[in-house]
Amino acid sequence: MTAWTATSAVGRGNEALVTALAARRGGLRRNDFPHSNVDSWIGRVDGVEAVDWTGEPDWESRNNALARLGLEADGFDGIVAEARERFGPQRVGVLIGTSTSSIGRTEEAYRLGGGERFPETYRQRRAHNPHSPGAYVAHRAGLAGPQLTISTACASSARVFASAWRWLQSGIVDAVLVGGVDSLCHSVLAGFRSLELTSPEPCRPFDARRNGISIGEAAGFALLVRAEDAPADTLRLAGYGESSDAFHMSQPPPGGEGARRSMRAALERAGLSGPELGYVNLHGTASQANDTAEAEALAALLPASVVAASTKGWTGHTLGAAGILEAVITLEALRTGLLPGTLNLEERETGLAFPVAMDNTERPVRYAMSNSFGFGGNNCSLVFENPGMAGGAAS
Amino acid sequence: MKLRIAGIGALGPGFEDWPGLRALLDGAPPPAESGPVRPAPEGIPPRERRRAPLSVKLAVAVAEQACADAGIAPADTVSVFASGMGDMDITDYMCRTLAEDEPLLSPTKFHNSVHNAPVGYWTISQDARLSSNAVAGFTHTVPTSLLEAATQCLAEQVPVLWASQDIAAPAPFRDIADIDAPCAFALLLLPHGEDDIEVGHEAGGRVLELSVEPGAGEWPAFDLPALATLYDGNPTARLLPLLRAITQADAAPLRLPLGASLDLVVQAA
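First to last, the protein sequences are chains D and P.
The numbering of the first sequence is numbering that gives the first Met the number 0, which starts it at 0 and goes up by one.
The numbering of the second sequence is numbering that gives the first Met the number 0, which starts it at 0 and goes up by one.
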């Protein structure tokens, strides 16, 4: 892994992210998304509306605007350009996760077109399809390798790491730009309300009084190459695990059985048994069912000494971008030794199976994991390593 | 990359399974009257079938066919499900409802709106607990998702169930997606050399050799009258030249575009 970046409600780029995490300053605000009357808090990124579409009107959508802001943060677009020069545009692949794609633009086309023909400026083939973010990122970055959008709900942009690993192993590419982009839209604001999953307050993962999620938006990216093409001291993807619940479209199975299998598979691939982990960034959405099941899955695999926490109180649940956003938070935890706790968690639920961390911890760690679970029973866990921290495990 | 096709599923206008499609590929005249495509997957109970989205029924039906053809238990496979346009009927419902003054969404339709609803229902109906993926590549959905399935099959050395479906476009989408009829295909892929798994007789256990090469990014001509319209409009139908190639004894290498200057080269051996 040679570079990574994330843009979310707490700001653009990694420095803004780490500063907000360290200061325990969240980015949620009362829902002010235009035309939405859902009583909730949201993680909205400032400046998305200001993106100028002159020259590429066929791509215009809120989601693609957020993708562009994300690519420009931390000089990431320049780093991708270097990889393009080094390997050639056809040898750099693109794997982007999303759940919403550009559906916000389609919603507008219906609203303005009365549900009949799309207004003229909305007849954008490149926006109104699920692959819009993957194709747009490849277009902006000038890449000509294989490009695919993964859309497995809230596990989408964790899975991109597993697929990138396999693409690199197969030899079809020399580098992969992975990432995720998901943006606020009425489909998710009204949709999660219809399932009674949105909270009227800022979300409180694992809290006794938690009552639902706060929806956010984010864009994040990372550049993956084979070990021999990376600097020796850089952080690395040590393992991934993928599993299916085969249980219910929007409910986890008892005991978080599917989550447990994805975590165990990721640990096994990394050659770990569990206690070596210094930090786990949890899915921790603050929905009743998810948090209970995830804590049970953790308790079955890890000793209570492992620092495990959810950062959704800072950013909201960024759905298809949660995988990449929280992978970046995990990578920054490995880089800085700042292990974020759980913002808004004041009183752990009685009987919670695992002592999820409330406060931030400062401690160098070598291995860290990030969990992402989605509708359809889709689970993905990632293990990252800071090889420079040999011996720095938590226990 | 060498793979073996152990089973095939196919469903679309004028064909209900792989033998039916193969007859058309061999030049048989299409049925005089082919009614609407009506998948009836066995894994989804009849009373749920009525409410299940067409995208889900299509994908589950061809996935069942491919597994049965190969004689491989669905729970032993990893799944990669694709769609170029996703479920436009549900998108139409969502966007139409959200345009109302006081939108009231159906929670079931909302959770069915995720791109991984077909593979989610598939894993639930078959108790399939291994990795399941849902992907999209717009007009390049078929070659790119096949590449994704192939790399997973070989890197993990597991059977991979690949399926793709696209449904007809509702009226508002017609300006951007001219899809008249639905179709779905599934391939059960094995790493080449897994001789201990008996392969399905219908697919004939054909070996595919895949490679990624710079190219012109052009689609092969496919002018079989019975299927030409489907091929031109429906992103999933872009599998048809590959299916035709595996019915031929000495097919030339097939180039399927992955992008404007990159091809997936497929040699059926």
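Rather than coming from a laboratory, the hints here were simulated on the basis of the structure.
Keep in mind that a hint or two might mislead.
Stated by the list, open to error - Over the 12 Å line for every Cβ pair with chain P, so calculated as not near, a few chain D residues:
#1 Thr18
#2 Leu194
#3 Ala226
#4 Pro274
#5 Leu337
Unchecked claim - To spell it out: a stretch of chain D is covered by chain P in this simulated footprint if at least three of its residues, at any positions, have a beta carbon under 8 Å from a beta carbon of chain P; those stretches are:
#6 117-130
#7 247-258
Claimed, not checked - With beta-carbon atoms standing in for the labels, derived distance ranges:
#8 P/Ala72 <-> D/Leu111: 48 to 54 Å
#9 D/Ala207 <-> P/Asp231: 54 to 60 Å
#10 D/His34 <-> P/Ala251: 52 to 58 Å
#11 D/Asp51 <-> P/Arg173: 25 to 31 Å
Predicted model only: the values in this text are computed from it and were never measured.
We put the CB at the ideal spot given by N, CA and C, even for glycine.
A quick look at each hint next to the structure:
1. Thr18: At about 34 Å from chain P, D/Thr18 clears the 12 Å cut-off, so the statement holds.
2. Leu194: 5 Å, violated
3. Ala226: 15 Å, holds
4. Pro274: Holds, because the least Cβ-Cβ distance between D/Pro274 and chain P comes to about 26 Å, which exceeds 12 Å.
5. Leu337: 32 Å, holds
6. 117-130: The restraint on the segment 117-130 of chain D holds, since 9 of its residues have a Cβ under 8 Å from chain P and three suffice.
7. 247-258: Held - the segment 247-258 of chain D has 4 residues with a Cβ nearer than 8 Å to chain P, which meets the minimum of three.
8. P/Ala72 <-> D/Leu111: 48 to 54 Å: 49 Å, holds
9. D/Ala207 <-> P/Asp231: 54 to 60 Å: Check passed, 58 Å falls within 54 to 60 Å.
10. D/His34 <-> P/Ala251: 52 to 58 Å: Since D/His34 and P/Ala251 have Cβ atoms about 55 Å apart, the given range 52 to 58 Å holds.
11. D/Asp51 <-> P/Arg173: 25 to 31 Å: Distance hint for D/Asp51, P/Arg173 holds at roughly 30 Å.
Hint check: a violation occurs at hint 2 only; the rest are consistent with the structure.
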